[in-house]
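Chain A is fixed; fit chain B onto it per the hints.
Protein chains in written order, with the working numbering: chain A, 6 to 95; chain B, 3 to 381.
It should be emphasised that the hints constitute simulated quantities derived from the structure, not laboratory data.
Please read these numbers as outputs of a predicted model, since none were measured by experiment.
Note that CB positions come from ideal geometry on N, CA and C, so glycine has one too.
Each hint should be verified, as a subset may be incorrect.
[Said to hold, decoys possible] Below, in silico cross-link-like pairs of lysine-lysine (BS3-like), each with a Cα-Cα straight-line distance of 30 Å or less: (1) K90/B / K148/B; (2) K73/B / K17/B; (3) K61/A / K84/B; (4) K73/B / K84/B; (5) K73/B / K25/B; (6) K61/A / K90/B; (7) K61/A / K17/B.
[Claimed, not checked] Derived DEER-like restraints, expressed as beta-carbon distance ranges: (8) G28/A / Q27/B: 54 to 64 Å; (9) L87/A / T287/B: 30 to 40 Å; (10) T58/A / G115/B: 30 to 40 Å; (11) R70/A / Q27/B: 51 to 61 Å; (12) L87/A / S34/B: 25 to 35 Å; (13) T144/B / E67/A: 38 to 48 Å.
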Amino acid sequence: MRVHIPTALRSYTGRQSEVEANGTTLGAVLDDLDRQFPGLRFRIIDEQDNVRTHIKLFVNGEQVRDLGIGIAAGEVAIVMALSGGVATSR
Amino acid sequence: MAQTQPTVVLIATRKGAFFLHEKEQRTSWQLSEPLFLGHMVHHMVQDPRDPSRLLLAARTGHLGPTVFRSKDFGRQWFEARKPPAFPKAADGESGRVVDHVFWLTPGHADEPGVWYAGTSPQGLFRSEDHGESWESVAGFDTHPLKAAWVGNTQDGTPDGPKLHSVLVDPRDARHLYLGMSSGGVHESLDRGATWRPLIGGLQVVEPMDATNIAFHDPHCVRLCPTHPDRLYQQNHCGIYRLDRPGETWVRIGNNMPREEGDAGFPMVVHPRDADTCFVFPMDGTDVWPRTSPGGKPAVYRTRDAGASWTRLDRGLPQAQAWMTVKRQAMAADSRDPLGLYFGTTNGELWNSRDEGDTWQCAWRNLQHVYAVETAVTPS
Numbered sequence: 006m007r008v009h010i011p012t013a014l015r016s017y018t019g020r021q022s023e024v025e026a027n028g029t030t031l032g033a034v035l036d037d038l039d040r041q042f043p044g045l046r047f048r049i050i051d052e053q054d055n056v057r058t059h060i061k062l063f064v065n066g067e068q069v070r071d072l073g074i075g076i077a078a079g080e081v082a083i084v085m086a087l088s089g090g091v092a093t094s095r
Numbered sequence: 003m004a005q006t007q008p009t010v011v012l013i014a015t016r017k018g019a020f021f022l023h024e025k026e027q028r029t030s031w032q033l034s035e036p037l038f039l040g041h042m043v044h045h046m047v048q049d050p051r052d053p054s055r056l057l058l059a060a061r062t063g064h065l066g067p068t069v070f071r072s073k074d075f076g077r078q079w080f081e082a083r084k085p086p087a088f089p090k091a092a093d094g095e096s097g098r099v100v101d102h103v104f105w106l107t108p109g110h111a112d113e114p115g116v117w118y119a120g121t122s123p124q125g126l127f128r129s130e131d132h133g134e135s136w137e138s139v140a141g142f143d144t145h146p147l148k149a150a151w152v153g154n155t156q157d158g159t160p161d162g163p164k165l166h167s168v169l170v171d172p173r174d175a176r177h178l179y180l181g182m183s184s185g186g187v188h189e190s191l192d193r194g195a196t197w198r199p200l201i202g203g204l205q206v207v208e209p210m211d212a213t214n215i216a217f218h219d220p221h222c223v224r225l226c227p228t229h230p231d232r233l234y235q236q237n238h239c240g241i242y243r244l245d246r247p248g249e250t251w252v253r254i255g256n257n258m259p260r261e262e263g264d265a266g267f268p269m270v271v272h273p274r275d276a277d278t279c280f281v282f283p284m285d286g287t288d289v290w291p292r293t294s295p296g297g298k299p300a301v302y303r304t305r306d307a308g309a310s311w312t313r314l315d316r317g318l319p320q321a322q323a324w325m326t327v328k329r330q331a332m333a334a335d336s337r338d339p340l341g342l343y344f345g346t347t348n349g350e351l352w353n354s355r356d357e358g359d360t361w362q363c364a365w366r367n368l369q370h371v372y373a374v375e376t377a378v379t380p381s
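Same shape as in the complex, but just chain A:
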């Protein structure tokens, strides 16, 4: 499975923009990514196994948020949503 890595996560992949990961579900692919590139998964998937607010995951061009979705072949894209700016005050 080919996985497209956004610029913000390439510090984990040795600057590679595309990497290979194995798994029969999206969650399994992300687990394999994390085995290869420790720490990457938690930056995009929270501790309740939800995709973080400003992250989008696409499987073969279709946006998905269910990590249990089966993947037979193709490619996964991790995308930084355009809504990613965070307003702050405290």
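Just chain B now, kept in the frame of chain A:
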């Protein structure tokens, strides 16, 4: 004992972190290249038990929260293997998610490698391996009254509810305090296994009920290193002092000039004098602008434990300066005379090298400053 080495100011901003190195006896400064440029860095702290070690809390607008560690004073950084994260909820239940790691506190001198982290929303985490892995402090996070203490999300600050001001008694590693915005001040005598509120004497926004802990909003709580039974607090509703074993905070902000008020975010204690501390007042009237009252920024200092306050504004702009200084964005070194530092949300870093009597702008054109700490270069 007073610090003899040059001061390094650790500046955490919305767009990265910086080292500001002292030159020429704190009269000029040299800024490092940015660390983690583009990352929202909420706190960067030196380990006083091993000064070559630093911890840094970061996230980005897209990416989740994490902690980075350095063993060589910032030359190389490594991400925590297990960053602070709440326990996974049982199937069918919704669990909490750490939005950002807000506060970092080194553990007791006798516990090398121990750190505490406070998060948004309110969570307390502990590391025993220099920040490599973090575990929820179950005695706090699963406390049966925690939900009542922290209220709902609307009770939090505009940038999310926070756990902050994790304090370790230098005489006893088991004795901890923490503050929550909102959620009050709490104390543990058993290294976090059990907790109880410490809110006697604190006021809340009228007409709310001061016995409801969820309405309490301590902005910054500090413990005096030379007199650990004394705490100071800048609260949403005033400035307070507590002398243990007392249980009732005294509103020493009532001794501030009435036109200045006693609202603010940060509070700094003198490392060698428990009667001396510093605040940076903000406008807490009307819609709470949270800017310097009247556009005239000043630090206020007490040398008598809050019985009286002195306005310190020499060198600061005298008008039309609408500064905001956040709760973590003011710090002292331990030189003699004491150096003080504050960072503003418009990216300025100001310093005093005479205990607040006079001020200089050490650096401009940074980013929104989240936190300021001091450090010394490891020998």
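Consistency of the hints with the structure:
no.: 1; hint: K90/B / K148/B; in the structure: holds (17 Å)
no.: 2; hint: K73/B / K17/B; in the structure: holds (23 Å)
no.: 3; hint: K61/A / K84/B; in the structure: holds (23 Å)
no.: 4; hint: K73/B / K84/B; in the structure: holds (17 Å)
no.: 5; hint: K73/B / K25/B; in the structure: holds (24 Å)
no.: 6; hint: K61/A / K90/B; in the structure: holds (22 Å)
no.: 7; hint: K61/A / K17/B; in the structure: holds (23 Å)
no.: 8; hint: G28/A / Q27/B: 54 to 64 Å; in the structure: holds (60 Å)
no.: 9; hint: L87/A / T287/B: 30 to 40 Å; in the structure: holds (38 Å)
no.: 10; hint: T58/A / G115/B: 30 to 40 Å; in the structure: holds (33 Å)
no.: 11; hint: R70/A / Q27/B: 51 to 61 Å; in the structure: holds (57 Å)
no.: 12; hint: L87/A / S34/B: 25 to 35 Å; in the structure: holds (32 Å)
no.: 13; hint: T144/B / E67/A: 38 to 48 Å; in the structure: holds (39 Å)
Every hint from the earlier list agrees with this structure, and none is contradicted.
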